[in-house]
Structure formats: C-alpha cells, structure tokens
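Chemist: Protein chains in written order, with this note's numbering: chain A, 1009 to 1241; chain B, 6 to 626.
Please note: incorrect hints may appear among the correct ones.
[As the list claims (entries may be wrong)] Using 27 Å as the maximum straight-line C-alpha spacing, the simulated DSS-like pairs for lysine-lysine come out as follows:
(1) A:K1035 / B:K339
(2) A:K1017 / B:K362
(3) A:K1157 / B:K21
(4) B:K8 / A:K1035
(5) A:K1035 / B:K92
(6) B:K362 / A:K1035
For the record, the hints were derived by calculation from the structure and aren't laboratory data. No experiment lies behind these values; they were computed from the predicted model shown.
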Amino acid sequence: MKVRVKFRKYGVMKFIGHLDVMRYFQKAIRRAEIPIAFSGGYSPHMIMSFANPLGVGLTSDGEYFDIELKEPIASSEAVARLNAQMVEGMEILSFVEIPDDKKNKGMSIVAGASYLSIPRKGTLPAGWEEKLKEFYRRDTITVVKTTKKSEKEVNIRPMIYELEARSQAIYMKVAAGSTQNLKPELVTEAFLQYIGCSEEVSFAQHRLENYADTGTEGAPHFVPLDALGWEIA
Amino acid sequence: MRKLALSDEILLKIEKPARYIGNEVNSVIKDPKKVDIRFAFCFPEVYEIGMSHLGMQILYDMFNRKDDIWCERVFSPWVDLDKEMRKNQIPLFALESQEPVKNFDFFGVTLQFEMCYTNILQVLDLAQIPLHAADRTLEHPFVIGGGPCAYNPEPLAEFFDLFYIGDGETVYDELFDAYKKWKASGQERKRFLEMASEVEGIYVPAFYDVTYKEDGTIASFLPNNPHAPQKVRRQVASDLSKTTYPLKPIVPFIKVTQDRAVLEIQRGCIRGCRFCQAGMVYRPARPRDINMLKETARAMLKNTGHEEITLSSLSSSDYNELNEIVTFLIEEFKDQAVNISLPSLRIDAFSLDVMSKVQDIRKSSLTFAPEAGTQRMRNVINKGLTEEEILSGAGQAFEGGWSKVKLYFMLGLPTETEEDMRGIAVLADKIARRYYEIPKEQRHGKCQITASSSFFVPKPFSPLQWATMCPFEEYVRRAQIVQEAMRDQLNRKSLKYNWHTAELTVLEGVFARGDRKMGKILEEAYRLGCLYDSWDEHFRYDLWVQAFENLNMNMDFYNLRVREADEIFPWDFIDCGVTKQFLRREWEKAMAAEVTPNCREKCSGCGSAGYKGGVCFEGTR
Chain A
1009 MKVRVKFRKY GVMKFIGHLD VMRYFQKAIR RAEIPIAFSG GYSPHMIMSF ANPLGVGLTS
1069 DGEYFDIELK EPIASSEAVA RLNAQMVEGM EILSFVEIPD DKKNKGMSIV AGASYLSIPR
1129 KGTLPAGWEE KLKEFYRRDT ITVVKTTKKS EKEVNIRPMI YELEARSQAI YMKVAAGSTQ
1189 NLKPELVTEA FLQYIGCSEE VSFAQHRLEN YADTGTEGAP HFVPLDALGW EIA
Chain B
6 MRKLALSDEI LLKIEKPARY IGNEVNSVIK DPKKVDIRFA FCFPEVYEIG MSHLGMQILY
66 DMFNRKDDIW CERVFSPWVD LDKEMRKNQI PLFALESQEP VKNFDFFGVT LQFEMCYTNI
126 LQVLDLAQIP LHAADRTLEH PFVIGGGPCA YNPEPLAEFF DLFYIGDGET VYDELFDAYK
186 KWKASGQERK RFLEMASEVE GIYVPAFYDV TYKEDGTIAS FLPNNPHAPQ KVRRQVASDL
246 SKTTYPLKPI VPFIKVTQDR AVLEIQRGCI RGCRFCQAGM VYRPARPRDI NMLKETARAM
306 LKNTGHEEIT LSSLSSSDYN ELNEIVTFLI EEFKDQAVNI SLPSLRIDAF SLDVMSKVQD
366 IRKSSLTFAP EAGTQRMRNV INKGLTEEEI LSGAGQAFEG GWSKVKLYFM LGLPTETEED
426 MRGIAVLADK IARRYYEIPK EQRHGKCQIT ASSSFFVPKP FSPLQWATMC PFEEYVRRAQ
486 IVQEAMRDQL NRKSLKYNWH TAELTVLEGV FARGDRKMGK ILEEAYRLGC LYDSWDEHFR
546 YDLWVQAFEN LNMNMDFYNL RVREADEIFP WDFIDCGVTK QFLRREWEKA MAAEVTPNCR
606 EKCSGCGSAG YKGGVCFEGT R
C-alpha cells in the first residue's frame, strides 16, 4: 500500500538539510512503529521518496514524502503516532493512501509550488505593491542563472503562474519539479533589481504548498499533492 | 519557538548549521528557574565526533534524571564559526538552552585524547571564561575535567579548577551536594574547592605544589592545603548493574561518526597488554548483566529509531555471554531491519558464523590486531595473539569466502629490532600464502591484506610508561623498513601498507607524559594558532616547534630521556588501583620478553581487587 505523508517544517528545523530530514523521518517512523515496507539485502532500507526537496534555510507548510506500507494503518492513528515523535519544528499534517500506479512513481508528478517571501532584513519601499503588478505584467523577466560550468540568461516569466502582494509579503506560484523548476529567490531578486533595492532587502522564503497538475495541455489545474489520495479508515 | 544564539545570517553562512541548534530527539529541556545546578558538558571537538561518545550520553542521562540539575552539551565550534564568534563577540553557548556557558555552575570537559588540548583553550576562550583557574571569580563556572587523559592531568593543571578521577557514575552526587551547600553559604570560591577535594576521587591542582630537580624531573609533589589528600584514589563503579544507562540517547540530525545505538557490554579488560592504558586504568574487568543488556537494547532502539546497534567494550570476545547477546540481537531485531554492527572479535568458528549472518562476506574484511610482527615482540607487549591463531583464523575465514584482511600494528615499541619491523611484512605475507593454498576454483580472485601501523606512545599507568620514545626521523625510518620489506614478499601484489604520520606521535608523547610545565607550551601553541590538531588539514607541527622554541623548552626531555625506576612521575599522586610495583614488575617482565597470564587464567596481584568487583571475584559469589 502506497501512502503520502504531508508535513510542516518550521522554526530551527529550517537548518536541517534535505538528506538529514530523510534520516530524521526514517528514525521517527521506527519510533512511531508505522508498519513500513523495507527493501531486501544485507542493509535493508525503507522504501521512501521525497517530493521537491526543500533547501536549507527555507520553511514550509506543504512538504511531502511517499512510503510503502506492509500493512494498513488508519490515517488518524498514523498522524497521531508520528506527531508524538516529532521535535519542535516538524508537524505531520496528513497521511493518505495514493494510487499504486506508475504515474505516481518517484514524485515525478510535482508541477508547481507556492511561496511566501517575507522581508527578513530591510523593508520594501512604499508603493511596492503597484510595482509588483507592473513587474508581473511584463512578457519577459530575464535573470542570469549561474551553474558550475556557465552563466546563462533565462526568461523566468513563463514559469511564474501567480505573483501578488499579500500584506507585507510577496506571494507566488511557480513551476516546480523535474522538467521546470523555479527557485523563489530568483523571482524576489529579479524584483528587487527591478525596483532598485537589491542591496537593502533580503527575504525569508516560506513554501506554502507543492502541487500536481491534473489539467490538460494549456489548461493547467493545480492541486495539492495530498489531494490525489484518500484517508485510510 | 526556540531562540538561537546565532543569527540566521551566520547559520546560513557556515558549514552544517545543525551542529549548533540543539533540538535533537531526546535532548533535554528544563526550566532554568527550577534547577539548582547548570552543568555544561563539553567534548572539545566538532559535534560529529563529540556526539559519538558514549561517556557523554551516559553522564548527560544520569545528570538529567535528577530534578535539580540541568546538563547541556557544548562542542568545539568548527573553524568557520570560530571566526564568526570572535568577530562578533558571541559567547560560547550550550546547545539546549542556547545560553552562554559562562553563566553556568560547572563547565565539564571530557578529556578523550591529548591532541584536543588546544581545543580546550578555544572553548574556554570563546566562552569568555578566564583560561587560568587562578583568574576565575565567583562570576565564573568551575571548570572540571574527566576521562582517560585525566590520568595525567598535569599539562592541563593551570586551566582546570578540578579533575574527576574515575568512573563518572560514582561521586558526582557527593560533589553536587557539596556545591549546593557551598552556594547557599555564600563563601569564597576557594572554599568550594576545599570541600570538593574532600570528595574521594577529586583532584584540585591548585592545592598541590610541585618542585623540580636540576635535571627537570620532579623532586616533590605535595598538598599545600590541609583539605587535599596526599593521594587521589580512582573511583570505580564496582557493580555496573547498579549504575544508570541511557535508554533514550540523543539522536543527532546530521550523520555522526557513531550513528547507532551503543551497548556497553563490559568495562575494563582482562588481557593486560603492556602498552595499553585503558587495560590498566579500567581494571577490574566488569561485565554487565546479560538481561540488563537485552532490555537496554530493546529500549534504546525503541526510543531512538536507530537502524543499527553495536556492542562496545575492550576485547569484546572476553565477555562470557558474547554468544548469547549477539544471537539475541540478531534474532530479536533482524525482522525490524536493524543492522548489527560487530566490534572486532577474536576470529573463530563462532565469530565467523555471526559475521556471515550480519555482513556481506565479499565486501567485509577480517580484522586482527597482532600489534607487533614477531612473537618475541608480542611477548614484550604481552599481546597474547599467536601466529598460529592468526593463520588458523584467517584460514577458516578464507575457506568461508572472505578475502580481505586488515592488520593493525605498532612501530617504535621498546626493544624493537629490524627483524620485528620486517616481521610485519612477513606475517602479512604468510596470511596471503594461506589464502593461495585454497584451490584456485574455490577462491574469489586475489586476496587483499592491508597492514596499518601507528607509532607507539607510552601512556601513564601502563607498564610501558618507563619506555623511551624515538626521534621523529627514526619513526620514519622504521616505517620505511616495513614498506621495503613489504616489497620483498612473494605476495607483494596482495599486500598494502599504511602508516600514520610521526609528527602527531611526537606531540602526543610529550603531552601523555608531560608535567605542569607543558601548560605554558599549550598556551603558546594556541596563541600561535594551533587548533584541531588531530585534523590533518589543521595540524601545524611547525607552530608547535615554534612554541617550544619561543619558550626555550625541549620535546626530547619528555620523549627521549631514560626514566629511572625511582623517578616521581607527574601522575604518581593518583592511586589508580593498579600499583606502581605491579606496573614495574610488568615493565621488567616486558624487558625479559616474558608473558603474564590474563586475569581469568591467573590473578597477578595488580591491586585492583581492592575495588571488590568484576573479574577479581568471578565464581566466588
């Protein structure tokens, strides 16, 4: 039985990198005695895959991993048992069964993610909300992407699906996953440059949700990853 | 939400911020207003090393079981954070509360190896605690040291208020009671140290005066305070079943060196290898009760979620119920996908059988620690492992499918000849020959015999404490002799030889048997920039040499001089249970290449029977 677990990562846990979060959950699942399935061999490991790994320094309300169970357990029971084993900064939000088909394999379904970018240092200048609208209305937003080997100019505008002011923060929904992936800091940096205050302001990036696209070509329909599953009674 | 001592900007700039945030599973948070004693337990190395230490987990658990004490952890900030803390004047903090340790009652430092001594000055310095005990006031914590290097605490005497000699499970209660009484009394700092020195096993270095002869050796070592005893007796937990054991050890977020549950099956060792300090200072060998071990294993795995468990002890094969405990672990936890990681065991039918159950034979290797290349040399060090035993063990293993062997040796042992050095290569080759005796179609390609050697460092309270070390160049020469001998062997293509660098050995030797005068050297080296000396990339031998030059002192005095039978050693004020007469007798037998039977075969009257426990009384209860 395949199961998707949704969790929240906040507070000091933002300093724990993706691989260590994975180790953390492997141990937590053992402590909570969740009936998880293992691979074979001399050093069996849990069958587990994470969606869209979160970078160090980011917090999130919508992180996911999939596991395989060797026997069923009620969703409410599993959430309660896991939460009893969490440290401050980690919270289990849902535990749902998902279809056991190829399409769901390896979290390849992640298509988008939404973020809240909250100024951590400095404040945005008055009237920035209007500027953000202006910025979003542009056809092309060019940023320089630096990799180990090269620097190249990329138009990130097609990867931004929503962008708006929400009180003192910037909300965005952007492309995520293996085909196209946009980091929120690329958007905020481009915006700061656009309004000419990239020196003064820096953001704390908070992920709100990871989405799958259940729509059709040209008409995307984003749903949270756990909406593809159902509660286990 | 928890507030951290370091800003997000700093934490996102440095390597592995998880080292500094605390919050791990099973770490303990208490209300500071509800405790009497704040204890900062420091392992002066990087987090991943310190968190792998069982002793810290034992004491952390033991202290925190008491309502009136809050014990927290401190590690050496890595070099990147070290710079940030100095630049921004951030005082060293404890991981749990994230509060500066300078405001704590105790700053405890575990002394696991000599080459972390500069890190001790680093943590004191970053903590904004005066380096010298003499400069501390009522505002500062008491700095207490313990662990294996406390068996010669003298190089650190100036920097510590007190040392705890012996098993941590014994007299801390008494010490804390004294502390609470003193704190309530509002008396001067010195008064607590006087009360502490009346607790058996506590050494207050300021209460002893050392005078030196013209040749630099000690003339006298005497108490200067009526409360301080002539001799400080090592404290021993005679019955380990009556001590606490951490059932909920802390689970680090990041991968640490020892990333598994650790089950200490016994303390002490029956063997009596003459180079080994641990084999003497943890006497008598005290096995833990098997039922307690089984319960503990279950509880630890349940409470940590670790996917691996290992056994810990000196010479684990001497644990009487080893077969039972290993079989239990395999049967109990195999279904839960828990790996059993075995300590190095004597190679025999039993160990090969369990190894084949828990490891992939093709990938794993056998480990032998002959320590020396010839039987004569092994007799000198009283290492009771014979060539026949090694060859028959290896032979059985090869027939069972193994093809990799690791061998551990020491070079620079007293009385060592060129034959002994070359003997390392000869022994390695004999093992390879044994492998190729197996018909070609039954073996799996070539075998791989890896011999590693480290240079011998004489340690206090070991029978070889009288030994003279070698000059630096001589160590290199001896390693080259082994290297060349390896090339002369028939199966040279199956042999590999590694050796550890000699610079560290020389310094380790200086500190292992150093006296109080070494404190100045340590401070000078730290001032020159020495830190993390046990890390190749940070070790600066040139700066250490500079420190000795600047203070006009000589390493050779500590390493190359002949120590006479009647010399007063800096550590002689400690009564560690094993008598100096016994150690001397063992030294003389070493020089005559005579072996001494182990504790189970025959009691040698070392003195530790006075602790009324363990192997000394086996079968009499």
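Chemist: For every hint, state whether the structure bears it out.
Modeler: Cross-check of the supplied hints:
Between A:K1035 and B:K339 the CA atoms are separated by roughly 16 Å; this keeps the pair inside 27 Å, and the hint holds. Distance hint between A:K1017 and B:K362 is unfulfilled; the C-alpha atoms sit about 39 Å from each other, more than 27 Å. Simply put, A:K1157 and B:K21 have alpha-carbon atoms about 25 Å apart, close enough for the 27 Å limit, and the pair holds. Only pairs whose Cα atoms come within 27 Å are accepted, and B:K8 paired with A:K1035 is accepted, the gap being roughly 25 Å.
Between A:K1035 and B:K92 the CA atoms are separated by roughly 38 Å; this puts the pair beyond 27 Å, and the hint is violated. Distance restraint check for B:K362 and A:K1035: the Cα-Cα separation of roughly 24 Å lies within the 27 Å cut-off, and the hinted pair is therefore satisfied.
When the structure is compared with the earlier hints, violations turn up for hints 2, 5 and for no others.
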